[in-house]
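Enquirer: Chain residues, written in single-letter form:
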Amino acid sequence: EPEVTQTPSHQVTQMGQEVILRCVPISNHLYFYWYRQILGQKVEFLVSFYNNEISEKSEIFDDQFSVERPDGSNFTLKIRSTKLEDSAMYFCASKGTNYEQYFGPGTRLTVT
Amino acid sequence: SQQGEEDPQALSIQEGENATMNCSYKTSINNLQWYRQNSGRGLVHLILIRSNEREKHSGRLRVTLDTSKKSSSLLITASRAADTASYFCAPRITNAGKSTFGDGTTLTVKP
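These protein sequence lines are chains A and B, in that order. For the first sequence, the numbering used here begins at 1 and goes up steadily by one. For the second sequence, the numbering used here begins at 1001 and goes up steadily by one.
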């Protein structure tokens, strides 16, 4: 069964460094999303992406964040200058022509 | 708000019993998806129900939707220890819109 994959599974970075989190959505899906979950808290929406542009973003998704679909298979989330409070589990999701959103296993980002 | 609120917050049952979790939301929705999350892991799609549907089944799962009451329920029949996880509902206002999550129901199934 097709699934969303994410790399790396765990990323440790120092405050102020840039990180890129990578996702491979399900092939032929057209809608892409990033969410995050701070430990012990709710899953929060960050951004949705369709037709090579952002379709919606939350207040969390400020200028430090950017998304890109650099080729036909990858979907990336970049955090330019990480802060301690960016430590969280980051989930990528994708959706095709059906209604279901499928989530990846997540990348645990630890900012020290 | 669009966010789903699950109830109860925690549920503990014996293996073989049924587990029922409820979800309430406040806006009109296009669809609602139920997910399972094991501790520290990703969200696994369980079942999606559209706004024009009232009930759906998938294996041991049964989901209902009452749009007049803005509520949904997830029933897991004949529960197993492996069903121990957190369960979330995610209502969506549009087909391709964002999912908004509540705190979930933490289900513990004791062997």
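Heads up, a few of these hints could be off.
What the hints assert, rightly or not - Derived contacts from chain A toward chain B, CB cut-off under 7 Å, selection only:
id, residue
1, G40
2, K57
3, I60
4, F61
5, Q64
6, F65
7, Y99
8, E100
9, Y102
10, F103
11, G104
I should point out that these hints are in silico values taken from the structure, not numbers from a laboratory. The beta carbon of each residue, even a glycine, is placed where N, CA and C say it ideally should be.
Enquirer: Each hint should be assessed against the structure and marked as holding or not.
Expert: Status of each hint after checking the structure:
1. At a threshold of 7 Å, the smallest CB-CB gap from A:G40 to chain B is about 10 Å, leaving the interface hint violated.
2. Interface restraint check for A:K57: the shortest CB-CB distance to chain B comes to about 9 Å, outside 7 Å, so the restraint is violated.
3. Taking 7 Å as the C-beta cut-off, the interface hint given for A:I60 is violated, the closest approach to chain B being about 12 Å.
4. Checking A:F61 against chain B: minimum C-beta separation of about 11 Å lies over 7 Å; hint violated.
5. Proximity of A:Q64 to chain B is violated relative to the hint, the smallest CB-CB distance being about 20 Å (cut-off 7 Å).
6. Given hint, A:F65 at the interface with chain B, is violated; its Cβ is 15 Å from that chain's nearest Cβ, farther than 7 Å.
7. Checking A:Y99 against chain B: minimum C-beta separation of about 5 Å stays under 7 Å; hint holds.
8. Of the supplied interface hints, the one on A:E100 holds, with its beta-carbon coming within about 5 Å of a beta-carbon of chain B, less than 7 Å.
9. Hint on A:Y102 holds. Least Cβ distance to chain B is approximately 6 Å, under the 7 Å limit.
10. The restraint placing A:F103 at the interface with chain B holds, with a minimum CB-CB distance near 4 Å, inside the 7 Å limit.
11. For A:G104, the shortest C-beta to C-beta distance to chain B is roughly 6 Å, which falls under 7 Å, so the interface hint holds.
In summary, the numbered hints that this structure violates are 1, 2, 3, 4, 5 and 6.
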